[in-house]
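Given chain A, work out where chain B should sit, using these hints.
There are 2 protein chains.
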Amino acid sequence: MGKAEIITIGDELLIGQVVDTNSAWMAEQLLEVGISLYQITSVHDDAAHIRQAIDEALHRSDIVITTGGLGPTKDDITKAVLCDYFHTNLVPNAEVEAHIHDLYQDRPEVLNRLTATQWMVPANCKVLPNRVGSAPIMWWTMDGGRWTMHNAQLFCLPGVPYEMEIAMREQVLPAIYTLTAKRSDIRQRSGQNRTLLVSGIPESALAIHLEEWENALPENLHLAYLPKDGTIRLRIDALDAEAALEDKFEELKTLVREWLVIDEDKPLELVLGERLKAMGRTIATAESCTGGRLAALLNKHAGSSEWYMGSVVAYDNRIKEEVLGVPASVLNTVGAVSEETVRAMAEGVRTLMHTDYAIATSGIAGPSGGTKDKPVGTVWIACATPEGTFAECYHLGRLREQITLRACTKALIMLIKKL
Amino acid sequence: MGKAEIITIGDELLIGQVVDTNSAWMAEQLLEVGISLYQITSVHDDAAHIRQAIDEALHRSDIVITTGGLGPTKDDITKAVLCDYFHTNLVPNAEVEAHIHDLYQDRPEVLNRLTATQWMVPANCKVLPNRVGSAPIMWWTMDGGRWTMHNAQLFCLPGVPYEMEIAMREQVLPAIYTLTAKRSDIRQRSGQNRTLLVSGIPESALAIHLEEWENALPENLHLAYLPKDGTIRLRIDALDAEAALEDKFEELKTLVREWLVIDEDKPLELVLGERLKAMGRTIATAESCTGGRLAALLNKHAGSSEWYMGSVVAYDNRIKEEVLGVPASVLNTVGAVSEETVRAMAEGVRTLMHTDYAIATSGIAGPSGGTKDKPVGTVWIACATPEGTFAECYHLGRLREQITLRACTKALIMLIKKL
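Protein chains in written order, with numbering that gives the first Met the number 0: chain A, 0 to 418; chain B, 0 to 418.
So here's chain A without its partners, still in its complex pose (with noise of 0.2 Å):
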């Protein structure tokens, strides 16, 4: 399988003022198109440094995609190390002079003499559209153009996660598709990996049980344990193109069916809405400790307004109480963390905001307000439905985000096992 490095430039990236996102994201699309991710490198807006970087990766690895340092501003110096390395410099290109006009033809205050650098470009490279932003891709191939492993691809795209996502979807993996496709030992079944999601077993049980099996599998197959959020993914990854991928991957779904939750790598929130969408029907929710996370991750994705009517995020008691009527005498005897007002904020919201489903959380995400009867982490979710209302009581943990983000995992959970 061809092997790809990211080489990711910029400062804010060393000194913890940005996540790197983008690099999951190449790497799910590479391998998509059958290139595995060798490594990941980040590195200072400096020119020894990104230089040293670039060339080593391009002695390791077939395919170099490099992001960030392509702005006008000062600081940003990946044309000049590039024009450096290949022995090259800028030059104008009338391509990107007018697809930049074009892009700031509403915004004249944008067309400055700065933004007008942004259509020099390296002599010797070839320049690939950049159809949202005004940075240019270049594409560097090492040998001229004929594509074997032993010539190296270069790309540098720009670092705004949006300009690279488009870059990538609309130029270079249709590159790299173009280049792989004439090697056909490349484009296999090799690199390709299968997951499920089980939820209700520590990891360690989970490998006991799964040990005799897992200690039978062929040399070609590795499995792998990611625990999060309570949750725990298993992934099959076939090292080659013999491998039983599809009859193991059975195999393991039987031997977990008790606490399977789905048998794709597919986040929760849209199995959810495909189900949802699929049965015609719709869902509110009504939040406490997560606070309108649980509302955010629904429709984080398009065409979430199908399914989705609302939430109400009442983080007050007198929210709780006036908005989603859940009783006074409840909140005052046996208070908001409990079962009774969970099943009185789902059913009521769910009232509020006429759907078919809701899911209430209500819980103690701390790092105050626990007691020695509902410690930190105690989270009550209750699931309001067609055929009635139930409800759950959990332990998530001692950190807030954590507490948190499992709760919403767990809820998305609990629907999901009932639809």
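Treat the hints loosely; a few may be bogus.
Claimed, not checked - Sample of chain B residues at the chain A side, in silico, Cβ under 10 Å:
(1) Thr40
(2) Lys73
(3) Glu202
(4) Thr284
(5) Gly309
(6) Met413
Worth flagging that the hints you see were computed from the coordinates, not collected in a lab. Where is the CB? At the ideal position from N, CA and C, for every residue including glycine.
Here is chain B on its own, set in the frame of chain A:
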């Protein structure tokens, strides 16, 4: 200044299944104890690759921190690689064993023979306690204990974010602080930086506005531009201890005063929350296109329940009308994405939740739903305050995720500027 590197270990990072959020967090923490991060490298769960990355980093940098590969399952091999690299073998550690028994006292199903492998540790490392997990934290000093810039330190941490964070805070950072305190030359103002945030000017126009001043900056000061979600963070880095960082930062603030939002590197929701808390005021939100994201932001940080009351996510128009009191006549004439609607939403939720302030958003996040008059990216935002309600219309790009994040940012900026 001391130089560090991070090596993140795990196939999940290189197939795009997990975003590396650990590195940015660690980078920020290291900077605070005077350590500059030189490089981040992500590698596979592959013995030769892990070994090579660690070896190269230890020869380049003073401190190397690895994360990941310390779980009890078969795919986690970091401990075995380290035994090989440091010519040692695994031995049982009584303290780790006692800690693990304590950790799982209420969950006997976790105390199985795989978990027992977690208290086997390499014989020649120092073991640091992991308060919240079972994986031991390992520390090697290359020459047996004395700290010099040429005797690198290796810390190996678990990859689970909250375990890593607690290990860093409670063990690794204090250890580094103690080590570096012995070397006064690396605990200087060097490596310091100051950041401010501006909004409402394109990056290139800002760079031209600042060009003369930036070109006159002394060699030991460096200006960086970080555009994000429709704002630009400007960061001045001091490259050595003599740099006139504070003076130049004050000059910069004066130069950008027209677009200045805040003069620190702090999340906007935290700035807003601190101001509301200091004023003893409260806030609620009514969200359409931001769909709960604004609520989730506002109560992301502990203590938000003091000033944040709740939100109505009114995705469906019926909710806007019935729960928030937006007149049907408004929705039927000017529509949901309009000044009238967003004003009525803000005022409606302010009344419903009895708060001093309220923010409302309504826009077209796409990909569908745009028209010629209201293309995708059109977002109306209103703030209801004790002094009256004001509203603005923005055009925030073409992509759903980008529009949602920018709308949250604009909403926070609108209210912060009024407080």
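Exercise for review: With chain A as the partner, please determine if Gly309 (chain B) meets the hint condition of a C-beta pair closer than 10 Å.
Suggested key: 4 Å, holds
Review point. Against chain A, with CB atoms and a cut of 10 Å, does the hint on Thr284 (chain B) hold up?
Key: 8 Å, holds
Review point. With a cut-off of 10 Å, does the beta carbon of Glu202 (chain B) approach a beta carbon of chain A closely enough for the hint to hold?
Key: 7 Å, holds
Review point. Taking the least C-beta to C-beta distance, is Thr40 (chain B) closer than 10 Å to chain A?
Key: 5 Å, holds
Point to revise | Residue hint Lys73 (chain B), partner chain A, criterion CB-CB below 10 Å | key: Holds - the Cβ of Lys73 (chain B) comes within 10 Å of chain A, reaching about 6 Å at its closest.
**Study point:** Cut-off 10 Å, beta-carbon criterion: hint that Met413 (chain B) touches chain A
**Key:** Since the shortest Cβ distance to chain A is 19 Å, the answer is violated.
Taken one by one, the earlier hints fail for this structure only at number 6.
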